[in-house]
Amino acid sequence: MKFSEQWLRGWVNPQVSRDELVARLSMAGLEVDSVTPAAGQFSGIVVGEILATEQHPDADKLRVCQVSNGAETFQVVCGAPNARPGIKIPFAMIGAELPGDFKIKKAKLRGVESFGMLCSAAELQISEENDGLLELAADAPVGEDIRQYLSLDDASIEIGLTPNRGDCLSIAGLARDVSALYDVPVSRPVVPAVPAAHDEVRSVEVSAPAACPRYLGRVIRNVDLSKPTPLWMVERLRRSDVRSIDAAVDITNYVMLELGQPMHAFDLAEINGGIRVRMAEEGEKLVLLDGQEVALRADTLVIADHSRALAIAGVMGGEHSGVSTEKTRDLFLESAFFEPISVAGKARSYGLHTDASHRYERGVDSQLAREALERATALVLEIVGGEAGPVVEAVSEQHLPKIAPITLRDERITQMLGMQMQAAQVEQLLNALELKTSANGAGAWTVSVPSHRFDISLEVDLIEELARLYGYNNLPVRYPQARLAPQARPETRGELPNLRRLLVARGYQEAITYSFIDPKLFELFTPGVEPLLLANPISSDMAAMRASLWPGLVKALQHNLNRQQDRVRLFESGLRFVGQLGDLKQQPMIAGVVTGSRQPEGWANGRDGIDFFDVKADVEALLGYSGALGDFTFAAGKHPALHPGQTARIERDGKEVGYLGAIHPELAKTLGLDRPVFVFELVLGDVVEGRLPKFSELSKFPETRRDLALIAGRDVAASSVLEVIRDNAGEWLTDLRLFDVYQGKGIDPDRKSLAVGLTWQHPSRTLNDDEVNATLVNILTSLEQRLNTTLRK
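Those letters in the sequence shown? Residues 1 to 793, by the numbering used here.
Keep in mind that the hints were calculated from the coordinates and are not lab data. Owing to the predicted nature of the structure, the values given are computational and were not obtained by experimental measurement. Mixed in with the good hints, there may be bad ones.
[Stated by the list, open to error] Restraint ranges, calculated between C-beta atoms of paired labels, are given here: (1) Ser396 to Gly685: 50 to 60 Å; (2) Ala295 to Asp19: 49 to 59 Å; (3) Asp608 to Ala709: 22 to 32 Å; (4) Asp608 to Leu738: 16 to 26 Å; (5) Gly579 to Lys520: 33 to 43 Å.
[Stated by the list, open to error] Below 30 Å or equal to it, Euclidean Cα-Cα: the simulated DSSO-like pairs (lysine-lysine) are: (6) Lys327 to Lys227; (7) Lys752 to Lys616; (8) Lys655 to Lys700.
Ideal Cβ positions, reconstructed from N, Cα and C, are used throughout, including at glycine.
Throw the hints in and build the complete structure from the sequences for me.
Here it is, written out as structure tokens:
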């Protein structure tokens, strides 16, 4: 919300400086983002009038102007394209100072003397418009100081409001808060009802009363929109960052900024029959004021006549019913209350954001529509003339918001603010905000909430208002006291920060991506799964909740590859969302994506690319962090996003806990990835759940080792062979490792050779050959029976 300080002080004027006012507003929760002077620092500039112009004898783009300051006439050379007789402009006379410490002196331009300078808005730092002289109103008093005439000793103050404070999106709302903060009265403009000068009306039918409980309209005939908007209104709009368009539009914008009620003016001639407030028909077309044609959805509330839609309710009007200075002679002014939920998100869904939608989404006073209509009518008649008809109102009382009285307890105030507040002070602060209090005994009040404070519904809301007005910085500082017992920390459970450090030590960098992704990307990584879609997404490519961390990580990978980063290793920990509302599972995960060379570029490092087993080593480091690596197994798996034959399903005690593999070639082609990309994703809860290590005394007796060369089927997994060996090797087996795999000459093409080393060690004696040989016989027998694996000869 941006507004003119002078405009606000016209309503309520505490005797404090601008800096103090700004600081107090920020401390009261109305955070001031910026304070911008209405104009730059200059002096000696007056309202001037160009009496005559002639072409410069030696320059095609210069004119020699005769300019009056009301007392004398001066010759000024000017290059502005709009310099012409009869207009009034800012005239910087000799000795004047412009912004930037630029002093006006007598000059000679291409041989012609110039006694001053005619100024544009940009040169005075009033606005950025620099396409010609700043033209003033025809009735501007020649010779008057321009700062005084335009009231330029002012500032535009911009505040960043939280969504619940929609009541402060107006001068009236801000004035209420300033009045309460400084205990000074508000000078609110008197808005009398404008009597009807004719009896012409247009019928109003509301077929969606839950979305639009109140709608008012009025016909104003014989307006003259060729008349300009008064300078005072144009300046207040400009300082509120609203561009002046024409008198009708300016008046509706002005009332919106002044009172907080968005309004719209229709060209009466373009309304067929009466007004119908209804839901749009699916696919119904409407060309908006900005020239954009939209296909309306059935959940969109529209203002229509008896033949077509005229506007998206609470967002923007249609082009064909908009007013124009050339053809509009009669107006239909509307003022309505739209239920916030029915309007929320509609503007964004059509790629729009307007001042009206900004206010309606946050809430507008349900009782304000008539006052705003009367105020706008009075301004229309004052500025462009015309004759007002009677007000037509359609209202559904049962659908209007109702705020129940709230009980406020003195003990609760003391508990939450940490201080005792006097009853008189409580009542004075709340009454200043038009929150009517009535004591009901026993240190409590019943508080009636006005319609403009739709954000207050609970006792804590009232206490927050007391804290705001009293001053957060005035509340006492007390440190909480509590008996805090240390919590037991399970030794078997790892910590996520340690997993992060482990991956960073292995060359990864942590990424943080959005939890919502493009539905198309969702389909690529999890085809056939119904995504959980957001009801009100930030944008269309962020509309689905992720079921995997891979889409975000791969998008981050693409971002890095597009910026010449050839070696990328990223990981992320976060939630994935599986299922729909009512059966939604939010699961913490840890995932990574890898591509590029195995080692960083360097004279001692090779240039081999990363492969499946490099990433598998990183995953095993994660799984082994908590001391339970033996509980996990890797099995050949299938995943729609991963390469067949390069996909491992990771299990723990028969339960699937994650996947590891290369991105599927078709998916990589779709994503524009021209190199191998490997990914992994693990359920975080299973990774951090470990096993408590136990001490075993070191044996002082010698180890016994045997190496076996085994012939197994080509499709037999090495892990299956090792599992059979481990099951039959006895309790004294201390080490088992696979140290060679061979396929080729001398081996059946359907078979492969596996070389394994087995080490035994007894804790209290030396094992003899007979014991070891008997164990080997058991191992070989089991391998042959279970896996058709035999000793190589």
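(request) Could you check the hint for me, namely that alanine 295 and aspartate 19 are 49 to 59 Å apart, CB to CB? (result) Roughly 51 Å apart at Cβ, these two residues keep to the hinted range, so it holds.
(request) Kindly confirm whether 50 to 60 Å is satisfied by the beta carbon distance between serine 396 and glycine 685. (result) Roughly 52 Å apart at Cβ, these two residues keep to the hinted range, so it holds.
(request) Look at the Cβ atoms of aspartate 608 and leucine 738 and judge whether their distance stays inside 16 to 26 Å. (result) holds, 22 Å
(request) For the pair we were handed, lysine 327 and lysine 227, check the Cα-Cα distance against 30 Å. (result) The hint holds at about 13 Å.
(message) Taking 22 to 32 Å as the stated bounds, is the beta-carbon spacing between aspartate 608 and alanine 709 within them?
(response) holds, 28 Å
(request) Check the following: the C-beta atoms of glycine 579 and lysine 520 are separated by a distance inside 33 to 43 Å. (result) Since the Cβ atoms of glycine 579 and lysine 520 sit about 20 Å apart, the hinted range of 33 to 43 Å is violated.
(request) Verify the proposed pairing of lysine 752 with lysine 616, using a straight-line Cα cut of 30 Å. (result) holds, 22 Å
(request) Mind checking the alpha carbons of lysine 655 and lysine 700 for me, to see if they're no more than 30 Å apart? (result) violated, 39 Å
Hints 5, 8, counting from the list given before, are not met by this structure.
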